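Chemist: What follows is each chain in one-letter form.
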Amino acid sequence: MKDYECVVIFAPAVAGDAIVGATKKYADVITSQGGEIKEIDDWGKRSLAYEINYHREGHYLFYRFKGGKSVLDELGRQLRIDENVIRHMIVRDDLKGRSHYKPYAETQEARPVHTEETEEDV
Amino acid sequence: MARVKPKPKVKKERQLRSRKPCKFCKDHIDFMDYKDDKKLRRFMTERGKITPRRITGTCARHQRILAAAIKKARMVALVPFVREYYR
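Protein chains in written order, with this note's numbering: chain X, 1 to 122; chain Y, 1001 to 1087.
If you are wondering where the hints come from, they were derived from the structure by calculation, not from laboratory data. As the structure is a prediction and not an experimental result, all values here were calculated from the model. The C-beta atom is built at its ideal place from N, Cα and C for all residues, glycine as well. Among these hints, one or two may not hold up.
[Unchecked claim] Which residues of chain Y face chain X? A partial, calculated answer using Cβ under 10 Å:
| no. | residue |
| --- | --- |
| 1 | F1031 |
| 2 | Y1034 |
| 3 | D1037 |
| 4 | K1038 |
[Said to hold, decoys possible] Below are the BS3-like pairs computed for lysine-lysine, each with C-alpha atoms no more than 30 Å apart in a straight line:
| no. | chain 1 | residue 1 | chain 2 | residue 2 |
| --- | --- | --- | --- | --- |
| 5 | X | K102 | Y | K1007 |
| 6 | Y | K1049 | X | K38 |
| 7 | X | K45 | Y | K1071 |
| 8 | X | K66 | Y | K1049 |
| 9 | Y | K1072 | X | K96 |
| 10 | Y | K1026 | X | K102 |
| 11 | X | K66 | X | K45 |
| 12 | Y | K1026 | X | K45 |
Using the sequences plus the hints, can you model the full thing?
Modeler: Next up, the structure:
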């Protein structure tokens, strides 16, 4: 079991309940494969640095989790199938306890952070 | 036409400049977050290239860490691969 980070970019048309649903869906994928979620973060809509599938914006979702090979395989497979996902990246989390940067922190203070408890009221 | 004899090359003396200190070494940073696109952009040209070490003064080790972070950030469109024009 190692620490990983996963960034998922949804097409800009995906919003509201669809995002909340997808957040939960991929969280469930991780836990169902024996993974352990450490952090779920919604970066919101951001403009992309370059066009992906003709989209100029994307809705970013960020996960930090602990898991083994089956988690990575299943999560990657599910993300590749999902048509709403225009890009995803799973990388090793090498923070080693350091605090990591939150891309929206400087512009918006309070963004809804999806955690197990607050997932409903977004 | 007579061939013009090439002038003997005079070796220009390159001015020795004291090397810029590596910013990362100075601040004892051994980790670069790919999510911090603002910071990464400071080490990229307007066109999206990674600025060479000789310009920024970054040491080899930190340049590697930085380059890896930039490449990750490119994958998730936080930072451009190339930028052909200004938006």
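Chemist: None of the hints should be skipped; say for each whether it holds.
Modeler: Now the hints, each set against the structure:
Because the closest C-beta pair between F1031 (chain Y) and chain X is about 6 Å apart, less than 10 Å, the hint holds. Given the 10 Å rule on beta carbons, the hint for Y1034 (chain Y) holds: about 8 Å separates it from the nearest Cβ of chain X. Using the Cβ-Cβ criterion of 10 Å, the hint placing D1037 (chain Y) at the interface with chain X is satisfied: the shortest such distance is roughly 7 Å. Interface hint status for K1038 (chain Y): upheld, as the beta-carbon distance to the closest one in chain X is roughly 8 Å, under 10 Å.
This hinted pair does not check out: K102 (chain X) and K1007 (chain Y) have alpha carbons roughly 60 Å apart, beyond 30 Å. Distance check on the hinted pair: K1049 (chain Y) and K38 (chain X) sit about 34 Å apart at the alpha-carbon level, beyond 30 Å; violated. Note on K45 (chain X) and K1071 (chain Y): the hinted pairing holds, with a Cα-Cα distance of about 21 Å set against a maximum of 30 Å. A threshold of 30 Å between alpha carbons decides the hint, and for K66 (chain X) with K1049 (chain Y) the separation of about 33 Å lies outside it, so the pair is violated.
Simply put, K1072 (chain Y) and K96 (chain X) have alpha-carbon atoms about 18 Å apart, close enough for the 30 Å limit, and the pair holds. For the proposed pair K1026 (chain Y) and K102 (chain X), the alpha carbon gap of about 24 Å is at most 30 Å, so the pair holds. At most 30 Å may separate the alpha-carbon atoms for a hinted pair to count; K66 (chain X) and K45 (chain X) meet this at roughly 26 Å. Simply put, K1026 (chain Y) and K45 (chain X) have alpha-carbon atoms about 35 Å apart, too far for the 30 Å limit, and the pair is violated.
Consistency with the previously given hints fails for numbers 5, 6, 8 and 12, ordered from lowest to highest.
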